[in-house]
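Visitor: Each chain, written out:
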Amino acid sequence: MLHTVNKSPTERNALESCLKYLKKGSAVLLIEDGVYGALKGTATTKMVEQTLKSFPIYALYPDIEARGMQDRVIDGIKLVDYSGFVDLVAEHPTVQAWL
Amino acid sequence: MLHTVNKSPTERNALESCLKYLKKGSAVLLIEDGVYGALKGTATTKMVEQTLKSFPIYALYPDIEARGMQDRVIDGIKLVDYSGFVDLVAEHPTVQAWL
Amino acid sequence: MSEATGGIEMEEDSSGKIKKFLYVNRKAPYGTIYALESLEVVLITAAFDQDVSLAFIDDGVYQVVKGQHTKGIDVKNFSPTYRALEGYDIEKLYVEKESMETRGLKESDFIVPVKVISAQEMGDLMLTQDVILSF
Amino acid sequence: MSEATGGIEMEEDSSGKIKKFLYVNRKAPYGTIYALESLEVVLITAAFDQDVSLAFIDDGVYQVVKGQHTKGIDVKNFSPTYRALEGYDIEKLYVEKESMETRGLKESDFIVPVKVISAQEMGDLMLTQDVILSF
Amino acid sequence: MMKFGILVNEGPYTHQASDTAYLFAKAAIEKGHKIHRVFFYHDGVYNSSRLTEPPTDDRHIVNRWQKLGKDHHIDLVVCVAAALRRGIKDENLLEGFRISGLGQLVESGIQSDRLVVFGD
Amino acid sequence: MMKFGILVNEGPYTHQASDTAYLFAKAAIEKGHKIHRVFFYHDGVYNSSRLTEPPTDDRHIVNRWQKLGKDHHIDLVVCVAAALRRGIKDENLLEGFRISGLGQLVESGIQSDRLVVFGD
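Order-wise, the sequence lines are chains A, B, C, D, E and F. Residue numbers for the first sequence, in the numbering used here: 19 to 117. Residue numbers for the second sequence, in the numbering used here: 19 to 117. Residue numbers for the third sequence, in the numbering used here: 146 to 280. Residue numbers for the fourth sequence, in the numbering used here: 146 to 280. Residue numbers for the fifth sequence, in the numbering used here: -3 to 116. Residue numbers for the sixth sequence, in the numbering used here: -3 to 116.
Hints are computed from structural coordinates only; laboratory data are not their basis. Note that the coordinates shown come from a computational prediction; the quantities given were computed from them, not determined experimentally. It cannot be assumed that every hint is accurate.
Stated by the list, open to error - Simulated DEER-style distance windows between Cβ atoms:
id, chain 1, residue 1, chain 2, residue 2, range
1, D, K165, F, G28, 54 to 64 Å
2, B, K41, F, K27, 35 to 45 Å
3, D, H214, A, L70, 19 to 29 Å
4, B, K71, F, T52, 36 to 46 Å
5, E, K63, F, G28, 37 to 47 Å
6, B, D105, F, H68, 54 to 64 Å
7, D, K251, F, T52, 35 to 45 Å
8, F, K27, D, K165, 50 to 60 Å
9, E, N59, A, S72, 16 to 26 Å
10, D, K216, E, P51, 38 to 48 Å
11, C, E243, A, P74, 19 to 29 Å
12, C, E252, B, D105, 38 to 48 Å
13, F, H68, A, L70, 47 to 57 Å
Unchecked claim - Facing chain B, from chain A, some residues (calculated, C-beta under 10 Å):
id, residue
14, E29
15, R30
16, A32
17, T63
18, Q88
Using N, Cα and C, we set each Cβ at its ideal position, and we do this for glycine too.
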């Protein structure tokens, strides 16, 4: 299943909570303020890199770019546009929003 | 000065952040979902008890009661009603809301 | 909750189709309206004879705590509605264990019978669902 | 930001009184509108000849990061407005050090000159203010 | 006796901010303080819609502000810029509220002894 | 080709949810998928106000939904219970949206291949 996270991990617990529920076949898509979870060198980088070893993590590039974070994305996180977002939803049988 | 915090400390970083800025004469008032920060036996209890040694912490009783938390408040946290909230604002030269 | 049940229209053909709906509640009550309005959707979903489950995780576990008295904030106490869910055949209420424990709560603190399960089990439950709504 | 300056009315007598206004920005831009609408208040406050300071703490530090390109989300990029503040004699912009560092940012990442100060110093700054607005 | 200004940043029902602000204002008045103005900003502008119709067993947040304003001569000001982008205009504004500029908020900060912020 | 339902839980401008939902819907349509319904709940109901008037250099979120709905036969449904307590009625509802019950959301969950939630 696909988990979308739209909250900054330094303001709220949505990302950290989401990661507890991942299962085989799960993927995470970071959107809106959630893209701050895709960054290198922050307080939450280690947690995200650890997750990347077992699960694919995507980030919505238009949101990354809007926030000026284009040069800071963790290696291994895949960038998608809205079209890629649609594909991810279509590829996974369910989608859960972590609001 | 008076700091009001209206966010749950297990959802957001408002309380933790607020506590970093306390100075001599500062007081903290927990309101709305912020009253979850006034509880015993939670993940944030220790942080709050530590702060209590140096600064007064108040909690809005109507919000505690609404949430069914009346028997769980940390000893030393002072309970106030809306009238007491008004007094706290009047007693301190400024008030800052941690939203 | 009379407004909640208004406006049921089944003009489109969805008869017979039964899906598994999971409502994920992660927010505390009263500070925001999400808990109340989520409950309104839950009741409607049951009226459509769907297979409904409710998950309470993170601050969502506070929604089902006993002893809520809201007179002082002049807001309606909607927690008794959780007890009414049984009458709508909604009996699958799950509380995530770690969320409960880090908030100093135990099973006897809840206003309704809930099943306390681990994050692992909750993750498995999510996988079995057709539609997941979170508020 | 033309709408922001609409509706200035000084019919009541507040002439001569100068207070210290501190705007505390704790939220990231674009996910919510608070950063933008906070900036609109800041500009108006300057038009009233008040003594304005801006504090960026927690995710608020993201507001003043360079290189924002918002075309892809179809929202207006308002970050250049921070550079225009100087023209309104708003020059006291403070970034809290720990908030900056835990987000992997450094002084050269900001779109405007800011003073990076510790939480201790920020606490002292707050104490000297008359009015504190946070969004 | 003090003069308070109040800022409400969130809409009715969705967040508790408007409820808390109201109960604070009422308590302040009961204690003999003066609320000279309530300024509605961000989603707070939704507190002024005359079309608001909550369930009959629920509090009516909008009418409650209107009555408090009338009874105690409180200036209820809705920010014009915030209101326009959220669909609040004279057409759906409840009597007792007025739409004006952000300058009214700044003035409230200048003139009041305390400006108290309620938001999300 | 899939059939998507969309749920929007937040109002325009204040949160990015409505923007993201719109851009998602547009991309889905461009890829040949079908959006059969957008359901507006919670503060999402504010996305339907015909009185909305953003600054001229800003996107018009409400009109944008209307146009997408018209061009691609998307059912734009505003929850009646959520709308009433927030001051959205036929009186200020933009043409192209309709007010109906929560059953429409459940139906969307039943009938669509995916229900995608955008909120705060």
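Visitor: Between K216(D) and P51(E), is the Cβ distance one that fits in 38 to 48 Å?
Guide: holds (43 Å)
Visitor: Quick check on the hint: Q88(A) CB to chain B CB, less than 10 Å?
Guide: Result: violated, 25 Å to nearest chain B Cβ.
Visitor: So does K71(B) sit 36 to 46 Å from T52(F), Cβ to Cβ?
Guide: Given about 55 Å between the Cβ atoms, the range is violated.
Visitor: Looking only at beta-carbon atoms, does the pair K165(D), G28(F) fall within the given range of 54 to 64 Å?
Guide: Holds - the Cβ-Cβ distance for K165(D) and G28(F), about 58 Å, lies within 54 to 64 Å.
Visitor: Indicate whether the distance between the beta carbons of K41(B) and K27(F) respects the range 35 to 45 Å.
Guide: Once the Cβ atoms are compared, 56 Å apart, the range 35 to 45 Å for K27(F) and K41(B) is violated.
Visitor: Taking the least C-beta to C-beta distance, is T63(A) closer than 10 Å to chain B?
Guide: violated (17 Å)
Visitor: Take the shortest C-beta to C-beta distance between E29(A) and chain B; is it under 10 Å?
Guide: OK, holds: E29(A) within 10 Å of chain B, min 6 Å.
Visitor: K27(F) and K165(D), beta-carbon distance inside 50 to 60 Å?
Guide: Holds, since K27(F) and K165(D) (Cβ atoms, about 54 Å apart) stay within the stated range.
Visitor: Could you check if R30(A) really has its C-beta closer than 10 Å to a C-beta on chain B?
Guide: OK, holds: R30(A) within 10 Å of chain B, min 5 Å.
Visitor: When you take the CB atoms of N59(E) and S72(A), is the distance between them in 16 to 26 Å?
Guide: For S72(A) against N59(E), whose Cβ atoms are near 54 Å apart, the range 16 to 26 Å is violated.
Visitor: With respect to the beta-carbon atoms only, verify the hint that E243(C) and P74(A) lie 19 to 29 Å apart.
Guide: holds (25 Å)
Visitor: Go ahead and decide if the range 37 to 47 Å is satisfied by the Cβ distance of K63(E) to G28(F).
Guide: Once the Cβ atoms are compared, 55 Å apart, the range 37 to 47 Å for G28(F) and K63(E) is violated.
Violated hints for the displayed structure, listed by number in ascending order: 2, 4, 5, 9, 13, 17 and 18.
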